[in-house]
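*Asks:* Note that the protein sequences, when read in sequence, are chains A and B. Our numbering puts the first residue of the first sequence at 106, with every later residue one more than the last. Our numbering puts the first residue of the second sequence at 1154, with every later residue one more than the last.
Since the hints were made in silico from the structure, they are not lab data. Do not rely on the hints blindly, as some may be mistaken.
[What the hints assert, rightly or not] Straight-line alpha carbon distances no greater than 25 Å define the calculated DSS-like cross-link-like pairs of lysine-lysine that follow: (1) K1270(B) x K144(A); (2) K1198(B) x K1270(B); (3) K1187(B) x K144(A).
So you can see what is in the structure, the chains are spelled out below.
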Amino acid sequence: MTPRYTTLAIALHWLIALMIVVSFTVGLSIQVMPLSPQKVRIINYHKWAGITIWLLVCVRLAWRLSHRPPAYPASMPQPLQLAAHLMHASLYVLMFVIPISGWMMSSAKGFPVVWLGLIPLPDLLAADEMLGDQLKAVHGALNFTLAGLVLLHAAAALKHHFVDKDDIMRRMLFRFRQP
Amino acid sequence: MKRFSAGLLIAILGCAAQAQSIDIGQSRLGFTYKQMGVPMEGHFKQFSGQVQFDAKNPAATAATLEIPIAGIDVGSRDAQPEVAKKLWFDSAVFPRAQFVASSSRALSGNRFETVGKLSLKGGSQNVTLTYTAQQIGNKWQLDGSAPLKRLAFKIGDGTWSDTDTVADEVLVKFRLILNP
């Protein structure tokens, strides 16, 4: 019987992953759109998604701090286990910080963030155009770092599954059939 | 005809010799609007005009204000280039907005109401100003607001007329300090 993550952890993992991929793509396209009502709408949806992702990541972090994930197989070398821990820790940090950086950027550019168009969130900074530009660069750089790590993370999971043929990736999949 | 109108205008302004001048340096004229639920603030960097106000005789309140469109700051560097464009204020064709008060009355408490005509982007609409008045030293300070609908003036026309993106309601806010 494969030890696996709980259903909640698995659901959060894939939901957050999907939302991050979509938001990243939308974030890239925003940069090349000329100003239009569509662009205004998309920017706002992107912010709504970002705040939602951040809230889901908070739940995920709470889960992680209160649960022990399944142990790595004994066959997995210690250095690789350490690398995996570092990778996951980095992903958690980035997933937590990136939406905050976007929120800070919005405040600095003079746009309060109103989650879902309904719930006003506090401004994290006073309006300051130059700082807004700097935070935009930070938000972008953090996102590209996350993208790189995500690709490595996915590649590692696939390696475990298809090359090492161990249960590491299976642990993060919903149980469709008994192993 | 022109000379007659000019003469009439001078006569009217002469009658309004009682009108106080606006202490522009201390006064403020701004507006708030919403885009997708997000409150935005803008202001007018310049405006001029004359106001005659006496709390003891509100019905005699008179006001004319002239606002150059080029002085509008919409509160966002990214949105600012839109202001002059045809779908927005079309400022090359309509470089000024003007407000002329037509009637005023006192409301309960220290509140007053002035109705007047706002001319903007070639259109004219009545707007209602609600404000409080207090004396600071020997100057009147009028603080108030006037709600208006941007689409009535075709501000944000065509594709921008979608009020789900930029709301129709705009609240003009003002503080006018009147020199004695």
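*Asks:* Okay, which hints does this one fail, numbers in order?
*Replies:* 1
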